[in-house]
Amino acid sequence: MSEWIRIAPLGDLPEGRGVKVDAAGHRIALFRLGEAVYALADRCSHAEASLAEGEVFEDEVECPRHGATFGLEDGQARSLPASKPQQTYEVKITDGDVFLALQEAS
Amino acid sequence: MRPLEQSTIDRAAETAPSWLADLRQNGFDYFEKLSMPTGSEDEWRYVNLDFEMAEFGIPDVAGVPLVDESDISVLTDYAGIARLVDGFVVDLFCDVPGVILANLAGNGQDESFFEESLGKLIEPDLDIFAAAHQAFATDGLVLKVGAGVAVDGPIIVDMQVTQADTISFPHLSVVMEANAEASVIVEMRSPDGQRNVVVPRLELSLGDGARLNLVTSQHWGNATTAITHQRMVVGRDATGRLGEIGLGAKLGRLDLNVDLNGDGSNSELVGLYFGEEQQVFDYRVVVNHHGKNTRSDVFLKGAVEDEAESVFTGLLKIWPNATRTSTFETNRNLVLSDGAKAHSVPNLEILCDDVVCGHGSTVGPLEEEHMYYLMSRGLSRERAQRVLIRGFFNEMIQRLPVSGLEDPVRDAVNAKFVKAQAEGRV
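Protein chains in written order, with my numbering: chain A, 8 to 113; chain B, 699 to 1124.
Treat the hints with care, since some could be wrong.
Below are the DSS-like pairs computed for lysine-lysine, each with C-alpha atoms no more than 25 Å apart in a straight line [stated by the list, open to error]:
1. K27/A to K1114/B
2. K948/B to K1117/B
3. K1114/B to K1039/B
4. K990/B to K818/B
5. K818/B to K1015/B
6. K731/B to K27/A
Quick list of the computed label-pair ranges, beta carbon to beta carbon [claimed, not checked]:
7. S90/A to S771/B: 35 to 45 Å
8. D1036/B to K99/A: 45 to 55 Å
9. S716/B to E22/A: 28 to 38 Å
10. E80/A to F749/B: 46 to 56 Å
11. Q976/B to R85/A: 32 to 42 Å
12. G23/A to R893/B: 24 to 34 Å
Listed next, the stretches of chain B that the computed footprint assigns to chain A, with coverage defined by at least 3 CB atoms under 8 Å from CB atoms of chain A [as the list claims (entries may be wrong)]:
13. 972–981
14. 1070–1077
15. 1096–1110
Treat the hints as calculated values from the structure; they're not laboratory data. No experiment lies behind these values; they were computed from the predicted model shown. C-beta atoms are modelled at their ideal positions from N, C-alpha and C, and glycine is treated no differently.
Could you build the full structure based on these sequences and the hints that come with them?
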């Protein structure tokens, strides 16, 4: 069973761009697209860079440092220079609050 | 609204102490004598002032403050805040012992406090805008940090223009007594599409051993003309570090003059600007080295797209006897569209031996070689451009002397470029 950690009210997350959170030692980038929230490990699988500082294009985030892109939903690397997927975390929204499961979802 | 006329000066004099009435009258006398720059003057050669001052009036009262999202909304851990709306201080809070944050119209301090702090560093004959500021400024905000006091967290000054067809004169004086330490963030904003003129003035005075970090985050609306005068006088072994973020305004001009008067004094200016459409940024930066063993560094980076234009005119002046001076100025510009222009004029004037000086400037598009390298690694042209733009500005964002604004500034710069890409403008 994964442990759910309350992060923030959904309304506090900005639309269409990343937010960096530190949850029990995990550096996680949260992205809100409408009513959905996606959580990826913040550190790019290619090199030391924060994905939360990257830009969101439709359903993917572009790493601010070298331009690699990752799917927000599955964390798959969609373009070079990254070749490994990004860790994703399970997210649930209950009563307007965003919760994160720290066990990796994939 | 009040006109820019003698009647306004007379009316203000009815309730003002004599030193203030005299100061205003003196400003008005120069205002009458000086004329609007035509563009033929060297100092104004890149600027087209397409208005007459008489088209604008001075607001009678502050308008309704802007409460929408701005950079400073991300700052929660501040030591004090003041809101200046249309030239009037409407809100003021700071309870740090040894720090005074007060405004002229608020009567919180005795007269001599303001007489000593206001209007000391800029002469009214500088230009017609400086004269107008001295004549017509409706209020004045003073931040005074007592000797040896170190303030944790920034003091925020939220400068706003909210009313169309107005000309306003927001004023901030910062007085740092000996060995005082403080950080200040000045946010400047007005709504898009609202035609107005604003003439802010920032007078920064650093006593011996004082340390001041001050960042100006300029987000004026796209129909605002902003003519800012900023002066910093630095005492012995004191350090003034300035940051400048230029993103808004129709015309944004900064006339900045630093006087390193004390031996061992230091100054730094780190700046970034990003212009689009028909925006014009005009930066005039003068650093005077008077004291011995002084150091200064000026580093500005900017980008222009569409038909935007940027100007950097820098002068590092080493006066006689300013031995052991070390000084450097750098200006790097990216020109992202064919119709955009960047002018870069760094100057050195050295009247003394035994100094180390340098300057450098570049103007050009994104380097094709860098683009080629990134694209050879699998990036599309658009993505490669974005990576280079981010890297270009990130260096400056990380060096801003007050922390806390990194995320909103990075977002603003990136969003500007991404939007231009999406619309096919770059």
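Hints, verified against the model:
1. K27/A to K1114/B: Since the Cα atoms of K27/A and K1114/B sit roughly 22 Å apart, the hinted pair holds (cutoff 25 Å).
2. K948/B to K1117/B: 18 Å, holds
3. K1114/B to K1039/B: Cα-Cα ~17 Å, so holds.
4. K990/B to K818/B: 24 Å, holds
5. K818/B to K1015/B: 22 Å, holds
6. K731/B to K27/A: Distance of about 56 Å is beyond 25 Å: violated.
7. S90/A to S771/B: 35 to 45 Å: Holds, at about 39 Å.
8. D1036/B to K99/A: 45 to 55 Å: 50 Å, holds
9. S716/B to E22/A: 28 to 38 Å: 56 Å, violated
10. E80/A to F749/B: 46 to 56 Å: Roughly 52 Å apart at Cβ, these two residues keep to the hinted range, so it holds.
11. Q976/B to R85/A: 32 to 42 Å: 37 Å, holds
12. G23/A to R893/B: 24 to 34 Å: 31 Å, holds
13. 972–981: violated (count 0)
14. 1070–1077: Our answer is that it holds, as 4 residues pass the Cβ test (under 8 Å) against chain A, meeting three.
15. 1096–1110: Our answer is that it holds, as 3 residues pass the Cβ test (under 8 Å) against chain A, meeting three.
In terms of the numbered hints stated before, the structure departs from hints 6, 9, 13, listed from lowest to highest.
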